[in-house]
Amino acid sequence: MKIEFGGGLEQLFDNKQTLELHFDEPEVTIQTVIEKLAQICNELRSNVCLFLQDGLVRPGILVLINDADWELLDKEDTVVEDKDTILFNSTLHGG
Amino acid sequence: MKIEFGGGLEQLFDNKQTLELHFDEPEVTIQTVIEKLAQICNELRSNVCLFLQDGLVRPGILVLINDADWELLDKEDTVVEDKDTILFNSTLHGG
Amino acid sequence: MNSDLSSGLELDEYSRYGRQMLVPEIGLEGQLSFKESKVIVIGAGGLGCPCIAYLAGAGIGQLAIVDPDVVETSNLHRQVLHSEEGLNKAESLRRFVSKLNPKIALDIYTCRLTTSNASIISKYDIVVDCTDNVAARYLINDICVLMNKPLVTASALRLEGQLTILNYKNGPCYRCLFPRPPAPELSTKCAESGVLGSVVGVLGTLQASQVLKLLLNNCPKNSNKDDAYQDSMILFSLFKFPQIKQVRIRPKQKDCQICSADPLIKTLDPSNYEFPVCAIPSPANI
Amino acid sequence: MNSDLSSGLELDEYSRYGRQMLVPEIGLEGQLSFKESKVIVIGAGGLGCPCIAYLAGAGIGQLAIVDPDVVETSNLHRQVLHSEEGLNKAESLRRFVSKLNPKIALDIYTCRLTTSNASIISKYDIVVDCTDNVAARYLINDICVLMNKPLVTASALRLEGQLTILNYKNGPCYRCLFPRPPAPELSTKCAESGVLGSVVGVLGTLQASQVLKLLLNNCPKNSNKDDAYQDSMILFSLFKFPQIKQVRIRPKQKDCQICSADPLIKTLDPSNYEFPVCAIPSPANI
Ligand SMILES: [Zn+2]
Ligand SMILES: [Zn+2]
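Chains as they are written, first to last, in this note's numbering: chain V, 10 to 104; chain A, 10 to 104; chain B, 1236 to 1521; chain Z, 1236 to 1521.
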């Protein structure tokens, strides 16, 4: 599936704005995706990654599945497939 | 399927920016959709509709299927389904 | 000044606004909704400059501008309506607006918005957040919820921007979207992050467009168009494809600290806004 | 003026552009690509005002403005950098830019662009179409194809706008998209159609953003980002959801009248641009 980063989060992932992830299962929950990303992030940043906080996505990050806020779906439990696009977007405060 | 109009074309369709069309067949070509729309337009405007010219979509109108120009697909012959969105967008010249 | 009392517009306003009154969704009805409205823009910087210019051009009847800062050279790449260094930014925009459109009533506040002077917001119909820091964003949100004002908020950094309409039509507030502020240790000063001026410009002009749309939504003739209203956020990112899109966001949250039925936050307590004045979470700077 | 010859920027340019040079995709390399570039903007009206302001703010080295018209009251709702009625619009923007950023070299053309004076375009690297009529759009396209210049074109009407980058990276030209101009009998004068100023403002700031992106694309450090380049069009419509999006358009067409390998149009023949000066196809007006 396609993972996109916005609002500076790409800096946690080697400055890649998009990543392709594949899972052996045809469907996984978004929580599984997040754990996989946290692992990638930790490896890239030598075990110090600020993607998660207390096991949850850090405050200030919106999670969008196919351009819809995961709060409109089943949040962490939302089932995603290979054709889905998931955007992790950090809020900006400048102006 | 969802039909959208832009660039002033909605004025040919009773000022509706979107229309829902359903066909008995599960799949039809975009040419069939266009003929159906020309018929609707003609009825709305008492048989004088400027949607088509010589049987083709009028110059200056882009046809986009799921946000992609139909020239990237099979043009008039592109097969569309109920889940598709088709945008007819007239070009603007103002500035 | 000649006044056409029957219509509510003065004669010279027909020539000034005629081109936009030709738009079917505007017309005389829409123009009057602009003229009768009072809009407050907080921040006369990168977002505020374009936003205020187009609100003034469109004929918003009463326009307030709030900014305590003075113009510096380093602002000019993005704050394109300023030019005189050392001049207060709200005052600088007052001069601009009075040249562009002398018909606008202007209220200039050269102070910072705080919990103590929040009552100034009560005079206006729509609030526009053009600030540049996280503390102001929470404060403005809370004032808007407590005073029941719709809020058009936007932000920009580097080559990206975000915009959303909050506290409107029973939709979410800023705390519904972001219940917890970013931790201070994850923050960095504004001056450490950069931004491209035209990106802020896109967001500021989009903000002005949303304010005008909210006013047009109130016109009975546009009530059918308003059916399509969805809680949403516009995301812009210059090096992405698609570069710009509008995504659907969550509704008002039942457990929101301020906009829920039984809120934790009932008044403006200064201690709720004591994070770094210019806090931008930037993972790169850790 | 102090000059830091080793870097290519003068010392005062570091304070003026410092905030945008902090953006990783810009930096000194990007700033120099702005400074070394020559951009011509045709039309100093609703699109041209915001576009020119942000190009000047960003530090485009040489900026040309072309417009034969004078400012009228009815322009001011959307052409928000003008204020003096009767003044030529290009001259009006010259005054604005020289106040905002005196470091920009300005070329002011107070004439209409025609087949006879088209050679002025040859001096510039990027062309921005901020005109308001269909004849100018075909003429500018054809000049850009014949002189091999990338073209950033946008348009707006009522509550809608469109933007696309043409003749860039072997992509399509305007005639690839619109091989046949709209028939004259389907056209109506500009003055009969209206537009909301902030909508034109969004398109003009987006145009400036695309020009700056084209220059950043040239920087070696951004070459990886450029992989994502797609021929596309940005569509904005204030009362739609989504309000704004970027769609994929066709590639260069093999049978294009001007940009194909064996084109019908090989030179600028005035008879190719003799449609009504301000032709907007508007089905509603028939
Ligand atoms: Zn809330
Ligand atoms: Zn072509």
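Note that these hints are calculated values from the structure, not bench results. Only a predicted model underlies this, so the values are computations on that prediction, with no experimental measurement involved. We treat Cβ as the ideally placed atom computed from N, Cα and C, and that holds for glycine. Honestly, I wouldn't trust all of these hints.
One side of the interface only, derived from the structure: several residues of chain B facing chain Z at Cβ under 10 angstroms [as the list claims (entries may be wrong)]: (1) SER1242; (2) ILE1261; (3) GLU1264; (4) LEU1267; (5) SER1268; (6) TYR1289; (7) GLN1297; (8) LYS1334; (9) ASN1336; (10) ALA1340; (11) SER1428; (12) VAL1437.
Status of each hint after checking the structure:
| no. | hint | verdict |
| --- | --- | --- |
| 1 | SER1242 | violated, 17 angstroms |
| 2 | ILE1261 | holds, 7 angstroms |
| 3 | GLU1264 | violated, 14 angstroms |
| 4 | LEU1267 | violated, 15 angstroms |
| 5 | SER1268 | violated, 13 angstroms |
| 6 | TYR1289 | holds, 4 angstroms |
| 7 | GLN1297 | violated, 17 angstroms |
| 8 | LYS1334 | holds, 5 angstroms |
| 9 | ASN1336 | holds, 7 angstroms |
| 10 | ALA1340 | violated, 17 angstroms |
| 11 | SER1428 | holds, 6 angstroms |
| 12 | VAL1437 | holds, 5 angstroms |
Consistency with the previously given hints fails for numbers 1, 3, 4, 5, 7, 10, ordered from lowest to highest.
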